[in-house]
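Novice: Protein chains in written order, with the working numbering: chain A, 1 to 410; chain H, 1 to 146; chain P, 1 to 501; chain X, 1 to 365.
Everything labelled a hint here was simulated from the structure, so no lab data went into it.
Incorrect hints may have been included.
[What the hints assert, rightly or not] Using 16 Å as the maximum straight-line C-alpha spacing, the simulated EDC-like pairs for lysine to aspartate or glutamate come out as follows:
1) H:K38 with P:E16
2) A:K351 with A:D363
3) X:K315 with P:E132
4) A:K68 with A:E26
5) X:K361 with X:D326
6) A:K52 with H:D85
7) P:K146 with X:E256
[To be verified] Label pairs and their computed distance ranges (CB to CB):
8) H:K2 with A:D83: 47 to 55 Å
9) P:E271 with A:S193: 20 to 28 Å
10) P:L74 with H:S49: 44 to 52 Å
11) X:R359 with P:E158: 39 to 47 Å
12) P:G23 with H:N109: 50 to 58 Å
Even for Gly, the Cβ is constructed at its ideal location relative to N, Cα and C.
Each chain, written out:
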Amino acid sequence: MNEYIIIGNGVAAVGCIEGVRSQDAEGRITVISKERHPVYCRPLISYYLEGKTDLSRMPYRDEDFYEKSGCRVLYGLASAQIDPAKQTVTTDDGKTLSYTSVCVATGSSPFVPPIAGLDTVPDKFSFMTLDDALALEEATQTPKRVLIVGAGLIGLKCAEGLHARAASITVCDLADHVLPSILDADCASILQSHLEQNGIRFMLSDTVERFDGCTAHMRSGGTVDFDVLVMAVGVRANTALAKGCGCETNRGVLVGDNMETTVSGIYAAGDCTEGTDASCGQKRVLAILPNAYMQGFTAGVNMAGGTARFDNAIPMNAISFFGLHVMTAGTYDGELYEEKTDGGCKKLYTKDDLLKGFILIGDTTRAGLYTSLIRERTSLQTINFELMKKVATSAAYSSEKRKRSFGGVV
Amino acid sequence: MKRVYVNEAWCLGCHLCEYNCAFANSGLQDMATALKGKPIYPRIHIEGSDAITYAVSCRHCTDPICVKSCIAGAIRKRDGVVRIDQTKCVGCLTCVLVCPYGALSPNENGVMQKCELCLQNSCGEPACVTGCPNRAIVYEEREEDA
Amino acid sequence: MGVEYLTPEYEVIRNENRCIACGVCVRQCANEVHAFLEGTEKIISDDAKCVDCQRCVSLCPTHALKIVKNDCRLRENANWDNDTIREVYKQANSGGVLLSSMGNPKPLPVYWDKILINASQVTNPPIDPLREPMETRVFLGKRPQKVERGADGKLRCELLPMIELSMPIMFSAMSYGSISYNAHASLARAAQALGICYNTGEGGLHEDFYAYGDNTIVQVASGRFGVHENYLEAARAIEIKMGQGAKPGIGGHLPGSKIVGDVSRTRMIPEGSDAITPAPHHDIYPIEDLRQLVFSLKDATDYRKPVIVKVAAVHNIAAIASGIARSGADVIAIDGFRGGTGAAPTRIRDNVGIPIELALAAVDQRLRDEGIRNDVSLVVGGSVRSASDVVKAIALGADACYIATAALLALGCHLCRTCQSGKCNWGIATQRPDLVKRLNPDVGSERLVHLMDAWRHEIKELMGGMGINSVEALRGNRLMLRGVGLTEKELQILGIAHAGE
Amino acid sequence: MTPKEGQVRIPSGCAIAAVISREGNRMTGERIIEAMKPMHDRSNGLGGGFAAYGIYPEYRDFYALHFFFDSRDTRKTCEAYLKERFEIYKAERIPTRKLPQITDEPMIWRYFVAPLQSVLRDLQLDEKEFVVRTVMHINTSMKGAYIFSSGKNMGTFKAVGFPEDVGVYYRLDEYEGYAWTAHGRYPTNTPGWWGGAHPFTLLDYSVVHNGEISSYDANRRYIEMFGYKCTLQTDTEVITYILDYLIRRQELTLSEAASVIAAPFWSTIEGKTDLEDKRKHIYLRTLFPSLLITGPFSIVLGFDGGLMALNDRLKLRSMVVGEKDDKVFVASEEAAIRVMEPDAGNLYAPAGGEPVIIRVKEGAY
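Whole structure, please, built from the sequences with the hints as guidance.
Specialist: Below is the structure:
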């Protein structure tokens, strides 16, 4: 009987479990979970703070998921090391488990930069895990002034999550616009003004030089007084475990399309990996949820002897702030098609007869058609792109393709 | 399994499917009461260009990417039907970002909804199908690659 | 033109409490009756454009619409009734011949409704069609006078080409052009599924429908549109159209605007040219010319196709039929004055020709009196509306019935009688692609099959009641009929007794 | 006044019986009269009759015309008409017995005649056709005269009354024939008419029939195209004409004729594996659709040298067949056969549409 070990208990792990089970109903699966919660999706934590979901609704799978999947979960443990020669995993409480194949799904961790005086801040938090959210909830039982360092996805979702609970929210970032990793300055300004209208204060192109208790001294010279500090500068893939057993790593653990690392029998999936971005062909850490699941599933299938490839991963994000939806995908490279709408915009990037990337703010109707064009590398000559540019619709496809889509099993 | 299929050759673009859908999922007895004077949020939508029109609703894909992408675990496929647990949905629209057919859309409260083949309401058979005046929408079993 | 004196004929009544402004009516009306009041969700209707085709009424999901006859009336006058006066206004406006479509709507006697059918009681058992076989199959065509035997004494079982029908009904001629591609597809598919025939009319046979050849009767009309060797070869039978019940004595005119694309190719005439069907066949002035055409067609098809000659029911129909029976034709089709049309001058439609019931009775009796009834089969049309009309026609002496209006109704026609406008909202009498697609042949053919299945059941029930288990024993069985409210003369022509006798 | 036969169509129920000797042995009429007694209730006293074959051997070359006349004048006119066309070999009253049960009798005569050859030549007609036309003419045009039997070496005897009384009345015990058929009638109107009783005959064809056919007017209007005049409006009359048309004029065999009037269902024909047989049935049904007889009937057709019994294709009327030695019996009820021959064997009810044809040995009649 095969022994499968999955290190990590996030969405990639669930994908891996379901992938293994699609091939092998018998083999034993062991999940080693650092967190003490059954699997939930980390993006939900801001919604939790906001009150849009609660602990009972947050689990990613049903209560009996592990049992039905024939999986044992070792909660509260981290893996100390993998021995690829012996095919064993040793946990930090000293147990040694043998494996037939192992999947590293260790995710990522918040990066906390060394800022002077950070240790003087009494209430400081990261915003990654449910425990972080629970702690923040506890800390904001009464309205507090909140300072968030980092205007990326985590920082802004945290701002939205805390909005109703906070007396004030200030977000600072060294970058000159919000969501610098996924938006250009132009689009970011639309979002920024929307957030500002909702009471979020921004200090951009600026950063904290030094903390002094509950006061942040900014590089620009000003100070911000706060009660609660959230550090949301960025995340780093957790590569140490894989690196420790000889897997090649860069910013993440390097994997092929089959999710195997450079060490045979060791697979990796999710935020800890670095795979190929199909929209540009480069290796990247694509720390987004759909990819995590699909990588996990692919790894699981291959671990159990099946054959699966996941070769159309692209960066993509659907996110909303105070009712304003923002969607992005792919790479912003090539010729730009741009539409401005009232309180929103659309940007499409095309190159070499392909759609490479897009940014949508506001109207996101049927955005999946654009995503699909990028993922499927659809030749734009084969569709009515003039129509598609203006409105995402399958009317731009050939009637044969529509016939397959809407008249066949897909 | 039976799915809803659309043949654009016969779609008249009359939009009745949208209204029948909205009514079927309203839980109300009378269409006028259910739909009069308000915007409708159907789970099927007419799309098209000048030359053609057709209705789009969930394809209940063999390998549904929306299920894999849902950040809340709210979309699941059971017995061949892709369903949304609306109590879990947080309205992030990731499913809209990934669905290649444009089959999902939010309801008036921003919660996602999609065609669930009228299995959850009292229609028995999809309302868009029974109400289509030209059999452009059918509910039947078809072979893969047929 | 200033004021035209014409008040709207119909009134569109919208129940505002039920209207959900879904806009189906707006999108579905080719006459553009309904429209959103600009910038609002309110829908308004222009009564003057309404032809009462009921498309909007049928599709309105909340049943918020009804169309009623406008009750704005001129001063009552039993002689100058409203319609007569309107027609005068129209002609004074346009200076033209009035055009109409479909069958004669005037309140002239419908003899079918004055004939009642017998049933068995006591002396003879009714037959239950659910328990016993009940046969509706018929063969149309000429039957040899004498049985022939070979030298071995065995019967030489050779028959002339005949049309075999699973039931005594065919879809009568409607041309591609006057009706849409999808209407033709529906008819062809239904005819094949039912084991009966449909008829191309004079518009030729679209290449897509050659596959239905065994269930197709191809027409050779005075315009000779679409007639070529393959066309004749493809068919089950060939029909020479001499006349049509709705417009005896005149030809046809399909405007150039309808001669587009496939219609033009199928008719073999240039796009945009008017298709003028002459009133006579210019190669048939006397009856002997007809004989020549009959045999030309038979020669052309190697005597493998029965030839039908279709005529309108006119005053001396019995003599005409006798002449046709002797012309070599295998089947005579007679079209009564209530027959439909895609377009006819109103005056002709409403005033020329005679009822099919009387024509049929007269012709059947005349052919029997002359001993030539077996030389031809008789097919009658011109408002056969139901299974009981069929049963009555067969009992009067018909071999089979032609139906068209009933078939169109099955396809969705609401008898608004404005086919000539080309804006048929039901996708039948139109060539506008957006309207044509409204008739899905899957639905159309299924509805036709349903209709015919239903009629077949009813025919069987009626026959079973009479104790007859095959349609052959019903044909010409006038004892099974009685008249009500008919004069001696009418009874005499129909060859039936009065009820109670 | 209640209408009589010919003025209106009168449906009726009936009893039939028949006997034939395959060896051509002649029997008196006694047994067939007895056979009708147990079926008394199938008649109502408004019509009975018999047909006998082989009874006039000494006049076998002459047509035996049996007449009803309503007056002496009619008879004289009729005789004059006959004389112009036939050689009358013998003319006589048909002998009868007075019976209280039989009343209102017409004048009943028989003529043994042969057509004049010169007349046949002039009209270019064969003998049988000429006789048929004469019968049609007299029965339709000469008021008060009615030919009810017109074959050679056979005769029909019929009257208003119960069949057992009619047999005694006509002294059938004094005739000897190789085949007999009998009929008792249950018409649904009161008076009955002597001419309307069965059997109905034309030339040597006689038909006794039990049933009421629903195809009557379709059959009648068809057959009338060929010179037949259905003056009585009875089923028996039209069936007789149909059989005459098919057998004599179209020269079909008896079984082919049976396949026309009681044609198998299309589904049966399509199921036939004998392709020649299948083709034949398709041919006959297609050629003679209007001679299909629907509705209930059981008939016995008498002809020169044999009998054919036939039921409608659904077998809506009873009819049984039995045999003993050289004799074959047919009747509506088995009881009638038992009366004629208590030891009759091989009893069976023929299927609907299946003709039972019995022929007398060649040369034995």
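Novice: Now tell me, hint by hint, if it's right for this structure.
Specialist: Okay, the hints, checked on the actual structure:
no. : hint                           : verdict
1   : H:K38 with P:E16               : 15 Å, holds
2   : A:K351 with A:D363             : 24 Å, violated
3   : X:K315 with P:E132             : 11 Å, holds
4   : A:K68 with A:E26               : 12 Å, holds
5   : X:K361 with X:D326             : 10 Å, holds
6   : A:K52 with H:D85               : 14 Å, holds
7   : P:K146 with X:E256             : 14 Å, holds
8   : H:K2 with A:D83: 47 to 55 Å    : 52 Å, holds
9   : P:E271 with A:S193: 20 to 28 Å : 59 Å, violated
10  : P:L74 with H:S49: 44 to 52 Å   : 49 Å, holds
11  : X:R359 with P:E158: 39 to 47 Å : 30 Å, violated
12  : P:G23 with H:N109: 50 to 58 Å  : 25 Å, violated
In summary, the numbered hints that this structure violates are 2, 9, 11, 12.
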